[in-house]
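Chains as they are written, first to last, in the working numbering: chain A, 1 to 593; chain B, 1001 to 1124; chain C, 2001 to 2263.
You may find that some hints are simply not true.
[Claimed, not checked] Below, in silico cross-link-like pairs of lysine-lysine (DSS-like), each with a Cα-Cα straight-line distance of 30 Å or less:
| hint | chain 1 | residue 1 | chain 2 | residue 2 |
| --- | --- | --- | --- | --- |
| 1 | A | K581 | A | K214 |
| 2 | B | K1073 | C | K2023 |
| 3 | C | K2122 | C | K2183 |
| 4 | A | K30 | C | K2096 |
| 5 | A | K30 | A | K581 |
| 6 | C | K2023 | A | K214 |
| 7 | C | K2234 | A | K214 |
| 8 | A | K30 | A | K78 |
| 9 | C | K2234 | C | K2098 |
| 10 | C | K2098 | C | K2122 |
| 11 | C | K2115 | B | K1073 |
| 12 | B | K1073 | A | K214 |
| 13 | C | K2152 | C | K2122 |
| 14 | C | K2096 | C | K2115 |
| 15 | C | K2183 | A | K30 |
| 16 | B | K1014 | C | K2096 |
| 17 | A | K323 | B | K1073 |
| 18 | A | K323 | A | K214 |
| 19 | C | K2229 | A | K30 |
| 20 | C | K2023 | B | K1014 |
| 21 | C | K2234 | B | K1014 |
| 22 | A | K581 | A | K537 |
| 23 | C | K2152 | B | K1014 |
| 24 | C | K2183 | C | K2023 |
| 25 | B | K1014 | C | K2122 |
| 26 | C | K2098 | C | K2115 |
Worth flagging that the hints you see were computed from the coordinates, not collected in a lab.
None of the values given here were measured: they were computed from a predicted structure.
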Amino acid sequence: MSGAHAAHSHAGHDHGHDHSHGHELPFWRKYIFSVDHKVIGVQYTITSLLFLLFGFALMWVMRFQLAYPGQPIPLIGKMLGASLVDSTGVLIGNGYNAFGAMHGTIMVFLGIVPLAVGGFGNYVLPLQIGAPDMAFPRLNMMSYWVYLPGGLIMLASFFTRDGAAQSGWTSYPPLSVVNIGGQTWWLIGMVFLITSSLLGSVNFIVTTVQLRVKGLSFFRLPFFVWAQLVTSFLLLLAFPPLEAAAVMQLMDRVAGTSFFMPGGLIITDVVQNQYSGGGSPVLWQHLFWFLAHPEVYVLILPGMGIIAEVIANNTRKPLWGYKALVYSAIFLGFMSFIVWAHHMFMTGMGTTLSTFFQFTTMVISVPSIIILTCFIISLWGASIRYTVPMLFALSFLPMFAIGGLTGLPLGLTASDIHLHDTYYVIGHFHYVVAPGTIFAMFAGIYYWFPKVTGRTMSSLLGKIHWFFSFIFINGVFMPMFFQGMAGILRRQYDQSYQLHGASAQGLSLMASWSAWCLGLAQIPFIINFFYSAFAGKKVGNNPWEATTLEWSAPSPPPHGNFATVPVAQCGPYEYSVPGRKTDFLPQNPALEA
Amino acid sequence: MGGSSAADMQHHLKIYYRVFGALAVLTVITVVVAQVGFHQEWSIATAVAIALLVASIKGTLVACYFMHLITEKAALFWILALCALFFVVLLAVPVLTDHESMGRAANVAVPPVRLHDAAAHKGH
Amino acid sequence: MSDTAIIPHDVEPHPLTGMYNGKFGLWLFLASEVMLFGALFSSYVLLRTGAPEGTWPRGEEILNWKLAMLNTMFLITSSVTMVMAWAELKMNRLGKAKQMLAITFALAGAFMVVKYFEYSDKLHHYQVELVAPMMHDGHEVMRITGHNVVNKEGEDVTIEPDAHGGDANAKHAPITIERSNVKRVTTFGPAHSTFLAVYFTLTGLHGLHIVGGMVVIGYLIFAADRIWKWNHEKLINRVECTGLYWHFVDLVWIFLFPVLYLL
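Sequences and hints are given; from them, build the entire structure.
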């Protein structure tokens, strides 16, 4: 982001017409339509953090309705539109559904994936492989500028007359086909987001394979890079079926087709779409989950990559089982394509198909366990530095374990009969994504902040942020397992309608208050983030005494990243090498001085 | 990828013309076989299998010669072949194993009937 | 346009993959396109096997396979001219290469023109489904197809029915069907049946890909001189990558043609 450049000739770029030899680009090309992966990474990070906050805010409102059903929403109740609240400011059913559908969509597609892949991947990956930028810098810029409109289209749907999409982030037909206009905006927004994702994933794969510096063989890559590589393959191959399905649903909504509308369907006394030779709602589910299952591995893998870096750095020893980690990540990626129908056990698929998917689902838990185990064993005999990134990384481990283990009863068809569509499922996946991935994201932000800005974040504020986040995030999601086992169903805007789960409904109060306190717990982070960016303590290249290549570039790195092209002399986690003066051996020999 | 000699390229051109010829012939075969199959009343499964077989041959020719797959590293060819196989298997599994659902019974056409007065029914 | 850093393997191939960045990137993109069209093809298969008896027509009954065969020849030829454009550049013959690109563009255009006629015919051709059979042309029929339909709410429907056998251009006089006997009036557009829905979606998406390719090929023809002057290798590579994309689009059609029109 600074104007300094490594000396380079002009033969390799531009279309041969004059461009300014002064190397000073105008503001809009340096910071807005920049092709520098670092600027784009920061753009993705800030945008996605804002979307995450917005998605979180939707949940605060929903949790109010769950804790105090039928009460007007305080402060903002009367300000929300007629599609969301009634005249007294009470959240209505459709409004709850709109918030729920958009919360899921925004968190997954506008928040976590752009942050994990677009933010961290874009910024760190080229640095960690010693590259001057991504393989296709202009394509990179386009990815961001397709993501942003897609996200804005999604948000804009809230301001239409009938409001935003209301059919769950899963958009199951027939409801999604006959539902209000917001759903069409959702589908169009998804097409933008999928396009952005595809462009990005091509870039990441080509960059990782082709732009590694000399000495950086595949098995010397930091695990973060492996995680991003596998993630990119998942995004590349899994998203297109959803794009196809979105087009088909758009056709159903707009062109009168019935891909997903079954014959003989009756809605409020009127028979729908009976002539078109019979569509299949289950077809949508197959296409949707064919993406959405690999998508959840997209959500967790970059996080695991970050945790790997932070743990290695703060234990001052190599990661245990590096090869196991890599093979597990690859196997996980492959398996993720053949488990999708475990989201569909209750659709009447038939026992052969269900058994197949139950089997693959059980198998896929193995690489996840191996990865977690390697991380845990890495702590054995370590000299742990309890830095803020490490606190998040350490707490990630049991949280991800809970999330993963609670997935097992869902993957077994027999127990899934009772747990499907209950709060148990919500508890399970939030444990993996919220105290799982989001904590990993925080770890990454605290860890790489000095590299991006040249300043450190306040450790005290960081510890306060961590402590209260950890407590309250468990307060939100732990009760949900019990609610689910008691039978409380998900996507119900007034749980008091259900008699059978009455005993567990008190837990909703605990979850709601924890959610609001969790929101407050982010304030130290927000203050820390912005204050430190301008007034934090300045640091040099390598404040964490880390080994990987990004730490041999200046903080922040200039355009082109490295003054001289680095080489890699060893593996990524050479900590505590016997006989050395310092307790780490950097990959780039230029850093040893 | 430096420039190749003119002789090299002439050789390439000859191959392109031959592949074009093969593709044209195969297209005609596709149509002829479809007509024959219909008149001979082959089962739909046979018709599909043969049509896809011919299409796959044409596709392989385009991929190998026009897309230069035959000159790329062998690994690329086998990765693609494996993916294609994987895809076919993935497609075949639900079609061959799923007899119960896929909406057979559910898709019976229903005559347009108004069940009762819509006004008497509060929506939502 | 932009001040990018020097990217390794922009032009020289990487030892592991044997390809320069652009080519590798394009093959990856094609992999995702395979998944896109594959998803649509598999939806077609699932919808067809799940469709009740008699609701899924044979392609030939509704679609014009002769036009489609012509289109197939257009695309296959354009594939040849595309790869020949690359070969001409490798032989240092810029002029011939541009000619080849232009022919490719023209053939693609011809494809789209035929498509336009196909679609337009479908959207102006109507079908009236009846509640009870009526006599027409000496047979009892449950549906009447034809042109120039007048279909106003509440009034009877008039249609100029198609001729059956004999002179296809023979105009039948318009007939009137009582509103009470009309179950549904529809064009042969996507809403007609799931088969046509699949047809329009698959060929529509494919058509969009053709148009996209035409835009790139058009740009290359326009900018060829400039790029060639700056760096020969760059133009050769861009033409090669565009060619890869174009052959893929041809490949999709090679599968689309028999599946939709002949089966």
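Hint by hint, here is what the structure shows:
{"no.": "1", "hint": "A:K581 - A:K214", "verdict": "holds, 26 Å"}
{"no.": "2", "hint": "B:K1073 - C:K2023", "verdict": "holds, 13 Å"}
{"no.": "3", "hint": "C:K2122 - C:K2183", "verdict": "holds, 20 Å"}
{"no.": "4", "hint": "A:K30 - C:K2096", "verdict": "violated, 40 Å"}
{"no.": "5", "hint": "A:K30 - A:K581", "verdict": "violated, 42 Å"}
{"no.": "6", "hint": "C:K2023 - A:K214", "verdict": "holds, 22 Å"}
{"no.": "7", "hint": "C:K2234 - A:K214", "verdict": "holds, 25 Å"}
{"no.": "8", "hint": "A:K30 - A:K78", "verdict": "violated, 43 Å"}
{"no.": "9", "hint": "C:K2234 - C:K2098", "verdict": "holds, 15 Å"}
{"no.": "10", "hint": "C:K2098 - C:K2122", "verdict": "violated, 36 Å"}
{"no.": "11", "hint": "C:K2115 - B:K1073", "verdict": "violated, 37 Å"}
{"no.": "12", "hint": "B:K1073 - A:K214", "verdict": "holds, 22 Å"}
{"no.": "13", "hint": "C:K2152 - C:K2122", "verdict": "holds, 21 Å"}
{"no.": "14", "hint": "C:K2096 - C:K2115", "verdict": "holds, 29 Å"}
{"no.": "15", "hint": "C:K2183 - A:K30", "verdict": "violated, 62 Å"}
{"no.": "16", "hint": "B:K1014 - C:K2096", "verdict": "holds, 17 Å"}
{"no.": "17", "hint": "A:K323 - B:K1073", "verdict": "holds, 26 Å"}
{"no.": "18", "hint": "A:K323 - A:K214", "verdict": "holds, 21 Å"}
{"no.": "19", "hint": "C:K2229 - A:K30", "verdict": "holds, 29 Å"}
{"no.": "20", "hint": "C:K2023 - B:K1014", "verdict": "holds, 24 Å"}
{"no.": "21", "hint": "C:K2234 - B:K1014", "verdict": "holds, 25 Å"}
{"no.": "22", "hint": "A:K581 - A:K537", "verdict": "holds, 27 Å"}
{"no.": "23", "hint": "C:K2152 - B:K1014", "verdict": "violated, 61 Å"}
{"no.": "24", "hint": "C:K2183 - C:K2023", "verdict": "violated, 54 Å"}
{"no.": "25", "hint": "B:K1014 - C:K2122", "verdict": "violated, 41 Å"}
{"no.": "26", "hint": "C:K2098 - C:K2115", "verdict": "holds, 26 Å"}
Checked against the numbered hints listed earlier, the structure breaks hints 4, 5, 8, 10, 11, 15, 23, 24, 25; every other hint is satisfied.
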